[in-house]
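Trainee: Quick note on the numbering used here: the sequence shown kicks off at 4 and runs consecutively.
Simulated from the structure, these hints should not be mistaken for lab results. Keep in mind the model is a prediction, meaning the values are calculated, not measured. Treat the hints loosely; a few may be bogus.
What the hints assert, rightly or not - Derived DEER-like restraints, expressed as beta-carbon distance ranges:
(1) E54 / G187: 25 to 35 Å
(2) T23 / F174: 24 to 34 Å
(3) L90 / P193: 16 to 26 Å
(4) E27 / S186: 26 to 36 Å
(5) M88 / E179: 38 to 48 Å
(6) M88 / V134: 18 to 28 Å
Glycine included, each C-beta is placed from N, C-alpha and C at the ideal position.
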Amino acid sequence: MVKKKGTESIMSDNKSWYSTGYDELDREIEQIETRKSSSKFFRFWLKPGEECEITFLSNEPFICREHNLNINGRWGNFYTCLSSMNLKCPLCDAGESSYLAGFFPIIDHRSFTDKNGVEYSNQVKIFVAKVTTLKKLKKQSERRKSIEKAKFLVNRLDGEKSLSVGDDFEFIEMVENFDELYSGVETVIPFEEILAPKSPEALKRLIAPDVSIAGGEMDDVPF
Numbered sequence: 004m005v006k007k008k009g010t011e012s013i014m015s016d017n018k019s020w021y022s023t024g025y026d027e028l029d030r031e032i033e034q035i036e037t038r039k040s041s042s043k044f045f046r047f048w049l050k051p052g053e054e055c056e057i058t059f060l061s062n063e064p065f066i067c068r069e070h071n072l073n074i075n076g077r078w079g080n081f082y083t084c085l086s087s088m089n090l091k092c093p094l095c096d097a098g099e100s101s102y103l104a105g106f107f108p109i110i111d112h113r114s115f116t117d118k119n120g121v122e123y124s125n126q127v128k129i130f131v132a133k134v135t136t137l138k139k140l141k142k143q144s145e146r147r148k149s150i151e152k153a154k155f156l157v158n159r160l161d162g163e164k165s166l167s168v169g170d171d172f173e174f175i176e177m178v179e180n181f182d183e184l185y186s187g188v189e190t191v192i193p194f195e196e197i198l199a200p201k202s203p204e205a206l207k208r209l210i211a212p213d214v215s216i217a218g219g220e221m222d223d224v225p226f
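Please model the entire structure based on the sequences and the hints provided.
Mentor: Next comes the structure, spelled out in structure tokens:
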């Protein structure tokens, strides 16, 4: 232990505040790359009590299992579970639960203005449906033969425990003149690229004491 002028230094034999080698750098690079690959398309969510109109851009979801990790006190760190590839998943081995998720490209018809005065509307986003929501959307698809280009009014019930993507889906219409209305909108989301699984080594580097568990089959897991 190091002391100076009668004051005890915070430095000691405890090495938890630093590391040696490049493991920490590799971990940071992995997180940066993950944020970059998904930053173009945001995940859709609603505030409790909020509602909005959305249009689905595909009928069938892109499905896999994923983990939502709480890293440094923040949720929203998403990693595809390697069990989707029938591989041993380090996150599962560490006790991090996974959940089945279906991914749809949608158009979010809300409008907003950023701090620079730029207005945005009709943004293409990622709609993530877990089991409960997938069941609802499957019924909608069966009822209408397809939900591609189907517009819905989506409502999220009050309360933090309500589904972040909405609880109620009220059908509005099939958008017949879709190509004319959204000719300049990029409607394809490269899910295979955005959700590409990390290597077992990369996932192992995520496992740390400050990573909390999120998972299960229910939709109340925070996005």
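Trainee: Evaluate the given range 38 to 48 Å for the C-beta pair formed by M88 and E179.
Mentor: Once the Cβ atoms are compared, 40 Å apart, the range 38 to 48 Å for E179 and M88 holds.
Trainee: State, for the Cβ atoms of L90 and P193, whether the hinted interval 16 to 26 Å holds or is violated.
Mentor: 22 Å, holds
Trainee: Would you say the C-beta atoms of M88 and V134 sit inside 18 to 28 Å of each other?
Mentor: 20 Å, holds
Trainee: Note whether the CB distance of E54 and G187 lies within 25 to 35 Å or breaks it.
Mentor: 26 Å, holds
Trainee: For E27 and S186, compare the CB-CB distance with the range 26 to 36 Å and indicate the outcome.
Mentor: 47 Å, violated
Trainee: Mind checking the hinted window 24 to 34 Å against the Cβ distance between T23 and F174?
Mentor: 59 Å, violated
Violation of the numbered hints given earlier is confined to hints 2, 4; the remaining hints are satisfied by the structure.
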